[in-house]
Amino acid sequence: MLPCNCPSCQAQLKVKSLLCENCGTEVHGLYALPVLARLPIEEQDFILRFVKNSGSLKDMAKDLGLSYPTVRNLLDDIIEKIKNYEK
Amino acid sequence: MKNNNSITTWLFAPFRFIAGVKALIIGLAVMFLLSILGYLSNTHFDGALDIHYGCLAADTLYLNHIIYQLAGWGLLTVVFYLTARIVTKSSIRLIDIAGTMALSQAPLIFAALLGFIPSFHICIGDINTTKIGEMMAILRENAVMMTIAGLTTMLFAIWSVVLKYNAYTVSANIKGVVGGISFAIALIVAEILSKIALYIIL
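Just so you know, the protein sequences line up as chains A and B, in that order.
Count the first sequence with the numbering used here and you get residues 48 to 134, in order.
Count the second sequence with the numbering used here and you get residues 987 to 1188, in order.
These are computed hints drawn from the structure, not numbers from a lab.
Predicted, not measured: the structure shown is a model, and the values here were computed from it.
Heads up, the beta-carbon is just placed ideally off N, CA and C, and yes, glycines get one too.
A hint or two may mislead.
[As the list claims (entries may be wrong)] Which residues of chain B face chain A? A partial, calculated answer using Cβ under 10 angstroms:
1. Asn-991
2. Ala-1005
3. Lys-1008
4. Arg-1071
5. Val-1073
6. Ser-1077
7. Arg-1126
8. Tyr-1151
9. Thr-1155
10. Val-1156
11. Ala-1158
12. Gly-1162
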């Protein structure tokens, strides 16, 4: 699991280096995590399921064993978070 | 995603799992049962929040109990739907409000069953100031039973209100202070409107 927050102060982490496993090349810099990677793992899992269910909230509700408005509320909360990250 | 499928969640926030048409079908069955039990036990759910144990000597028509249910549920649905439209940015469905509000009446079944206990029905007749002494004597004589009836009935009324709050917050995705205040206002408005509607209809 990719750590998104600092274990010491909880601030958002950034990517400092990337490694090519094929040739061993390392790229150093300071890169922001992609928006989706910043979400907690449960919400990333929700988005994956949402895509696999072709974006159908009804199918998602069946899949998760939750009611339609509960699933819609979870999605609304994620949308709100993504909008805040993008600001 | 956590499912949190505990008994407490099923008792107080079942709308996490049930809403829409499914909740409406179960809720309508609950309301139908309430009308029958209310008629047989002389328990009147005459308003969005009301539970009254009527005088056993005074019979009411079964139709009245059907109207109580429809008026209470109908006005709760309309008032909470309009409130949600004003307060929330989320898209809401009328069927979710209608279904969850109908199902939130379920705890009242226990209040209706309590109505089969004869001593829950205390008759003091029409309030007559010239017979205030007699009325006070009846009230004093039944004080313990009235307290027990009041407290037990209140438990089921509170349970039903908690369900209504969860029905509203889940159906409209409203949280926090705004959710609490708008719920309280909508509930009071629904109660007032239901009393007016029943006064006009019956």
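Hints not upheld, ascending by number: Result: hints 4, 5, 7, 8, 12 break, sorted rising.
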